[in-house]
Amino acid sequence: MDLEDALARFVVGQPLAEVPPDARLTAQRVLLAVAGTGVAGAGEDGIAELRALLLERGGTPQATTLVFGDRLPAVAAAQFNGTMCRALDFCDAMAPGPHFGAALVPACFAAAELRGGCSGAEFLAALVVGCEVGARFNLSERQYDGFDPTGIAAVFAATAGAARVLRLDALQTRRALGLAFNRCGGSFQSHIDGTLGVRLLQGHVAATGVECAQMAQRGLTGPLNFLTGIYGFPHLYGRGTLPPADVVSGLGTEWRLQRMMFKPYPSCGATQGLTRLVLDLVQETGLRPEQVAAVEVRQPPYSHKLVGHPFRLGANPRVDAQFSAAWCVANALVRRSSRLEHFRPEQIADPAVLALAACVHTVGDPAMDARGHTAVDIVVTTTDGARLERGLDIAPGFPGRPLSEAQHAQRFADCMAYAPFPLPADRLPVLSDGIGRLADLPDVRALLSAMLR
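Residues in the sequence shown are numbered from 1 upward in steps of one, following UniProt numbering.
Rather than coming from a laboratory, the hints here were simulated on the basis of the structure. Just to be clear, a hint being listed does not mean it is correct.
Label pairs and their computed distance ranges (CB to CB) [to be verified]:
| id | residue 1 | residue 2 | range |
| --- | --- | --- | --- |
| 1 | T228 | A293 | 56 to 62 Å |
| 2 | E346 | A367 | 37 to 43 Å |
| 3 | R142 | G400 | 31 to 37 Å |
| 4 | T221 | D22 | 35 to 41 Å |
| 5 | A439 | A293 | 29 to 35 Å |
| 6 | D2 | R142 | 34 to 40 Å |
| 7 | T221 | L16 | 28 to 34 Å |
| 8 | E346 | P20 | 44 to 50 Å |
| 9 | R453 | G400 | 36 to 42 Å |
| 10 | P424 | G400 | 36 to 42 Å |
Each residue gets a CB set at the ideal place from its N, CA and C atoms; glycine is no exception.
Go ahead and model the full structure; you've got the sequences and the hints to work with.
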């Protein structure tokens, strides 16, 4: 059995009963996070325009859009839902940057509707194998080097999940993953330029998962040797430094999806640590914004390139703020917290926050690579000349410093409270309880119904 066959057989055949409870719980947390951010993101930039475009295109009504309840072709529904689920950048993620759930969950929901229903246990199995496959295609910072990790690794997660829900066989799944390999792409320039390309790519990845699975189901072929071929994934994206066998090593026994992180703050993963440091400093010292003369933020180069540029307001302020170390520092200093409502355009443009953001200087320090992906140090210089220094190696929400059950529940509650089209009150327990007992649900489409306004 070659490597690609081993991967495909894992996708179609991994028994849910043999998945460790903690890995199953991680997949359920991914679903909870994505359900919350999807409902909460329904009013964000670009969502209305994308919805209008997809409705104008029309097509066979196969799957449902979250919140709005439109019936679209499955690929289009996955695209829309994936875009909406990523809009707040508050979904799950994994260092050094792929967002799996906001593509995987919409792809699996669309596939479930295509199939005419799917049990919660089958859906959970699809989420598990999707997360695991995505984690195995996740690369290092050096290998990505500016590629958007979501566009490179999450295509495999979404495709694997959709293939499992649609009950593709091993050969069909292998072909689907090969087709997905040909869709890899995307750049961090979308983030740095503050564009909707960030969330739109997430939607494209979700759509890719459904489309590649559908194509393979109908006999369309993709490259079978996407791992071991001369121009396969390890060569093109692993830059010749990824041993192909590493992708499948330990399948079914080593669960890399446990590297998933869940953010306490609604901004880029590279801003979680610095936000926490500022909030700790404020709590410990009572520091007021007017006492701050300057702030230095020091991060590894990978993070600095993504969020270390000077803050500027562009066409999409939420994206500008989500991916700005300077703005996130200033927001935490001024508002003494970091919440979804702080990232509304009028809040982002608050003169007090902008003035403080201009006082933040960021540094990319190669020596910090040895401390890990999320390492960050801050130095606050006060108006009376004092230097307040703080640092950490592991940001909150990442492995080694996970969120508590109460924090996961609070994240979901915050999303529901922020939702521009609130769900009926009686739907909230249906949704949260249904996710909590996912393996016992007769049909996962009940969760879709619970996420309609």
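- Query: Are there hints from earlier that the structure breaks, and if so, what are their numbers?
  - Reply: 3, 5, 6
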